[in-house]
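Go by the hints and put chain B onto chain A.
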Amino acid sequence: MRVTVRLFARLRDLTGFAELVRELPPGATVRRLWDDLVQEFPAIAPYGGSISAAVNADYARMNAAIQDGDEVAFLPPVSGG
Amino acid sequence: MPCPLLAIGAIPLDAGMLAAAVQAAARTADASDGAVATFVGLVRDRNLGRTVQYLVYEAYEPLAIRSFERIAAEAAERWASARLGIHHRIGRIEIGEASIAIASASPHRGEAFAACRYAIERVKQIAPIWKKEYFDTGDVWIEGAVADPQDAAARQEALRRACA
Chain A
1 MRVTVRLFAR LRDLTGFAEL VRELPPGATV RRLWDDLVQE FPAIAPYGGS ISAAVNADYA
61 RMNAAIQDGD EVAFLPPVSG G
Chain B
1 MPCPLLAIGA IPLDAGMLAA AVQAAARTAD ASDGAVATFV GLVRDRNLGR TVQYLVYEAY
61 EPLAIRSFER IAAEAAERWA SARLGIHHRI GRIEIGEASI AIASASPHRG EAFAACRYAI
121 ERVKQIAPIW KKEYFDTGDV WIEGAVADPQ DAAARQEALR RACA
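Those protein sequence lines, which keep their order, are chains A and B. Residue 10 in the numbering used here is what sits at position 10 of the first sequence, and the numbering runs on without skipping anything. Residue 164 in the numbering used here is what sits at position 164 of the second sequence, and the numbering runs on without skipping anything.
Take these hints with a grain of salt, some might be off.
Stated by the list, open to error - These stretches of chain B come out as covered by chain A in the derived footprint (C-beta under 8 Å, 3 or more residues):
| # | stretch |
| --- | --- |
| 1 | 80–88 |
| 2 | 117–124 |
| 3 | 127–139 |
| 4 | 146–158 |
To be verified - Far from chain B, some chain A residues (derived; all Cβ distances over 12 Å):
| # | residue |
| --- | --- |
| 5 | Arg2 |
| 6 | Leu11 |
| 7 | Gly16 |
| 8 | Glu23 |
| 9 | Pro25 |
| 10 | Gly27 |
| 11 | Gln39 |
| 12 | Ala54 |
| 13 | Ala65 |
| 14 | Gln67 |
| 15 | Leu75 |
Keep in mind the hints are simulated off the structure, nothing from the lab. Each residue gets a CB set at the ideal place from its N, CA and C atoms; glycine is no exception.
Just chain A, with the same shape it has in the complex (with noise of 0.2 Å):
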């Protein structure tokens, strides 16, 4: 299955992407779309225990499902205000 990937913020910086298409085997989780894109991009390896993430704009667990043509975006710790 195909997905969307979404980075943003210091993780763009660190990738060059600000969005991607990858493919995943059917019932991949978020953690395993993550790991993926680790082993792409070590330089993200750091954020593994300070990631959140999000399928189709809405927020996510690591362990959430993914099903085809989804957007799962990645998102460093916040600084809005």
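The following block gives chain B in isolation, referenced to the frame of chain A:
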């Protein structure tokens, strides 16, 4: 066009307009509001010993709007008669300009102040918004809270600050 209560955009913020919109949103025949509290967050010229030149904010906009909706719903759960408006600016913001405006209307001042304070604390905890600080010798992304709307301890801390 009516002013939306929850919004993100690149145009300069107008807290007065937001306050009027929050009031208008619930003005009924018996107009029960006795207080409007506003909070405006400004870009400072100093942070952690650095001389800041300007900030650039970005947001994951659809989720940020949903986060504002969640914050407004949480506030309504705690202060039933208070209503919130939250406007956050993105893009480049100069020193002294506003990055966020919050207004809350309520029959009494206590609830209006508390809901307003609660909203800014929760925005800092869970809104997917980031600022990059440009200072005299470089730039850096500021990273604060790990965003988790389900984190009960964080929500409790925001409530504690709101009621302090």
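Verification of the supplied hints:
1. 80–88: violated (count 1)
2. 117–124: It holds: at least three residues are needed, and the stretch 117–124 of chain B offers 3 whose Cβ sits within less than 8 Å of chain A.
3. 127–139: holds (count 6)
4. 146–158: Held - the stretch 146–158 of chain B has 5 residues with a Cβ nearer than 8 Å to chain A, which meets the minimum of three.
5. Arg2: holds, 20 Å
6. Leu11: Leu11 (chain A) not clear of chain B: closest Cβ-Cβ about 9 Å, inside 12 Å.
7. Gly16: holds, 15 Å
8. Glu23: Non-interface label on Glu23 (chain A) holds, nearest chain B Cβ at 23 Å vs cutoff 12 Å.
9. Pro25: holds, 26 Å
10. Gly27: Answer for Gly27 (chain A): holds, closest chain B Cβ roughly 23 Å.
11. Gln39: Consistent with the label, Gln39 (chain A) stays out of reach of chain B, its closest Cβ about 23 Å off (over 12 Å).
12. Ala54: violated, 5 Å
13. Ala65: The assertion about Ala65 (chain A) holds, with a minimum of 18 Å to chain B.
14. Gln67: Holds, since 18 Å exceeds 12 Å.
15. Leu75: violated, 5 Å
Of the hints listed earlier, those the structure fails to meet are numbers 1, 6, 12, 15, in rising order.
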